[in-house]
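Number of protein chains: 2
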Amino acid sequence: MKTTEPIESHATLSYQQAGVDYRLIDPLKVSAQQAAAATAAGLGAHGFSEIKASRGESAYVVDVGPFYLASIVECLGSKALVADEMARLTGKSYYDGIAQDTIAMAVNDLITVGATPLVVQAYWAAGGSEWFADADRARALVAGWQRACEACGIAWGGGETPALAGIVEAGRIDLAAACTGLVNPKQRLSLGDRLGAGDAIVLLDSSGIHANGLSLARKLAQRLPQGYLTPVTPGLSYGDALLAPTLLYSPVTEALWQAGITPHYCANITGHGWRKLLRHPQRFSYRIHTLPGMPAVLAFMQRHANLDDREAYSTLNMGAGFALFVADRDAARTVEVAQQMGIGARVAGSVHAGPKELVIEPLGLRFDEGELQLR
Amino acid sequence: MKTTEPIESHATLSYQQAGVDYRLIDPLKVSAQQAAAATAAGLGAHGFSEIKASRGESAYVVDVGPFYLASIVECLGSKALVADEMARLTGKSYYDGIAQDTIAMAVNDLITVGATPLVVQAYWAAGGSEWFADADRARALVAGWQRACEACGIAWGGGETPALAGIVEAGRIDLAAACTGLVNPKQRLSLGDRLGAGDAIVLLDSSGIHANGLSLARKLAQRLPQGYLTPVTPGLSYGDALLAPTLLYSPVTEALWQAGITPHYCANITGHGWRKLLRHPQRFSYRIHTLPGMPAVLAFMQRHANLDDREAYSTLNMGAGFALFVADRDAARTVEVAQQMGIGARVAGSVHAGPKELVIEPLGLRFDEGELQLR
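Residue numbers (our numbering), protein chains in the order written: chain A, 512 to 886; chain B, 512 to 886.
It is possible that part of the hints are untrue.
Identical chains share a label here; the pair holds if one copy fits it or two copies do between them.
Claimed, not checked - Distance condition first, Cα-Cα at most 16 Å in a straight line; then the derived EDC-like pairs of lysine to aspartate or glutamate:
no.: 1; residue 1: K540; residue 2: D647
no.: 2; residue 1: K540; residue 2: D645
no.: 3; residue 1: K540; residue 2: E641
no.: 4; residue 1: K730; residue 2: D645
no.: 5; residue 1: K730; residue 2: E596
no.: 6; residue 1: K867; residue 2: E880
no.: 7; residue 1: K730; residue 2: D532
no.: 8; residue 1: K697; residue 2: E882
no.: 9; residue 1: K603; residue 2: D751
Just so you know, these hints were derived from the structure itself, not from any lab.
Go ahead and model the full structure; you've got the sequences and the hints to work with.
See below:
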């Protein structure tokens with residue numbers, strides 16, 4: 512499904528040009544991670560302890576005795592800007608969809624450690640009280656948020672709806688979700704100590720761009736003749752395609768548990784694209800032999816932003832929203848369970864002893880350890 | 512300590528004039544609360560259930576079997592704007608202090624239900640990658656965040672540091688904290704079913720404005736001859752006084768538990784000022800006979816913004832950061848325990864059968880049910 516011939520000639524549009532400079536953020540992240548690690552001792556006074564291996568993973572895990580407690584906060588990022596612009600162009604509200612995106616950002620990270628998401632807290636910081644006066648938009652946000660919670664069996668506990676004039680821009684909203692869950696029973700913990708050579712890599716389909724790479728997507732919109740209204744496929748505009756909500760993968764991980772399958776490791780494929788497959792701290796080689804189907808909007812973006820495969824796969828999800836590393840004997844059943852939950856899936860590759868690298872065989876691409884500095 | 516004579520003549524500066532119009536936000540909040548309540552059924556599939564009485568309280572509580580799980584997300588609000596302006600005026604960074612404010616907003620709410628805060632997730636959304644390039648400011652934020660976690664025995668689990676150009680204003684940062692804790696053992700739950708006539712009201716000191724009423728404070732700065740550099744007391748500028756970090760009350764609630772005291776109810780005094788004392792859903796009359804000492808900055812604000820007592824006490828904390836409703840026999844010991852933890856406290860009033868009202872006797876003020884629509 513991947514389209515390689517460029518139909519227009521453009522300079523390559525890199526993620527860094529698109530406005531996010533990780534070189535400036537990453538030193539703060541590292542110093543925050545060190546300071547955060549130092550606070551773990553405080554749990555001892557309450558009779559609890561952290562699971563150290565969860566530091567740097569997608570969710571933080573604490574041993575509270577009968578089970579593990581997992582928590583996370585995640586933000587939507589700049590996808591709200593696309594929703595706002597499409598609302599202006601079409602008169603529709605897309606806030607039901609981006610509500611799901613926001614929850615998916617948190618839920619899909621939380622489940623990587625083996626947790627069942629239980630409670631979501633909403634963080635909706637608007638540029639001013641008047642944001643909330645658009646009743647249709649507010650209703651769509653509430654309805655989408657509720658639906659996404661219901662799809663995952665999560666209780667929406669409450670949240671915060673500040674009006675932050677002077678911090679958040681007028682007419683905009685900063686959406687984030689905090690999610691808490693339990694790893695229960697404890698043997699569901701999937702921090703990767705069980706990962707080993709011979710394991711299979713099952714990739715779950717994405718629905719499109721999800722909520723990573725939107726800075727690039729927005730920059731690209733400026734280049735397109737009809738902007739967000741440029742057709743990606745007949746009848747589907749670029750803006751509508753971008754706004755396909757992120758898939759929620761917790762129904763799959765819950766169904767896997769019911770089916771007796773415990774993943775050895777999981778990776779939510781978000782920022783850094785497929786480089787996230789290198790996330791596990793130990794040295795393994797990951798070989799991909801089968802590519803997932805590619806959502807049309809991602810093929811369109813690669814073509815129009817003139818990204819080579821290396822740049823595309825290291826920035827966008829390229830059709831793979833979530834990776835499950837499972838025992839080889841569980842691989843086919845994992846695919847079946849995902850499909851029963853309505854999520855496309857395939858056995859896409861395998862784990863090998865060897866240097867830390869990701870090889871995407873059908874594309875002749877290789878990423879090594881140096882290409883994912885941050886965990 | 513309260514100063515009542517106005518030293519300058521100004522029109523009254525109300526909270527609504529200062530930029531936050533709750534009439535626009537509140538309908539969304541109500542509709543979100545209804546949608547959120549509907550999601551609770553999802554917990555049943557995981558074998559858990561919500562504690563319904565926590566809906567509308569300061570933190571959301573789920574029964575997970577051996578104990579209760581409590582969670583919350585809270586934002587700092589506009590205090591960061593004061594920190595930014597004071598940094599410009601003085602060359603100092605105030606981000607260590609506002610880090611504590613942000614954590615206090617979450618922790619002081621979480622403990623109202625009887626929970627021990629265990630994990631904080633940081634949400635730091637900047638207006639662009641370049642925010643993080645100011646190493647001193649970033650270091651102060653990290654150091655203050657760590658210190659506040661350590662003061663409460665909380666593990667800083669991780670967080671999210673997005674660069675949100677186009678959503679968050681350039682040069683600004685939106686700070687929030689998500690906090691998860693446990694009510695353990697379950698009899699620590701303090702959702703208010705034990706509150707009754709005859710209980711004592713113990714008020715814990717605030718350190719100043721904390722993190723509510725900052726829109727008003729900023730508006731007032733524009734009126735002052737020297738702005739934020741106007742002295743509040745000799746050697747203490749208005750800006751410095753505003754930026755006194757919010758006190759963290761979880762060491763007090765933990766020490767109370769160790770001392771065998773379980774509050775019947777708690778109220779974190781934030782937005783809506785002392786009207787928060789009316790938060791409990793049932794009908795009780797609350798009579799205050801003793802006022803706490805007033806931080807100089809709040810007396811200064813009342814005077815310069817020309818607020819009458821009714822407006823001041825319904826907007827600002829006026830010296831009381833947190834209210835503990837305890838059995839009368841525990842009142843004196845509660846004060847002692849708080850003082851041992853370094854927090855000023857006094858038995859300030861009592862709970863009575865009668866109409867839902869708050870009477871602040873020394874000021875001849877009465878607030879009734881209609882003055883706190885939202886829980």
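Hint-by-hint comparison with the structure:
{"no.": "1", "hint": "K540 with D647", "verdict": "between (37 Å within a copy, 14 Å between copies)"}
{"no.": "2", "hint": "K540 with D645", "verdict": "between (36 Å within a copy, 13 Å between copies)"}
{"no.": "3", "hint": "K540 with E641", "verdict": "between (34 Å within a copy, 14 Å between copies)"}
{"no.": "4", "hint": "K730 with D645", "verdict": "neither (27 Å within a copy, 26 Å between copies)"}
{"no.": "5", "hint": "K730 with E596", "verdict": "within (13 Å within a copy, 32 Å between copies)"}
{"no.": "6", "hint": "K867 with E880", "verdict": "within (6 Å within a copy, 64 Å between copies)"}
{"no.": "7", "hint": "K730 with D532", "verdict": "within (15 Å within a copy, 35 Å between copies)"}
{"no.": "8", "hint": "K697 with E882", "verdict": "neither (33 Å within a copy, 48 Å between copies)"}
{"no.": "9", "hint": "K603 with D751", "verdict": "within (11 Å within a copy, 46 Å between copies)"}
Hint check: violations occur at hints 4 and 8; the rest are consistent with the structure.
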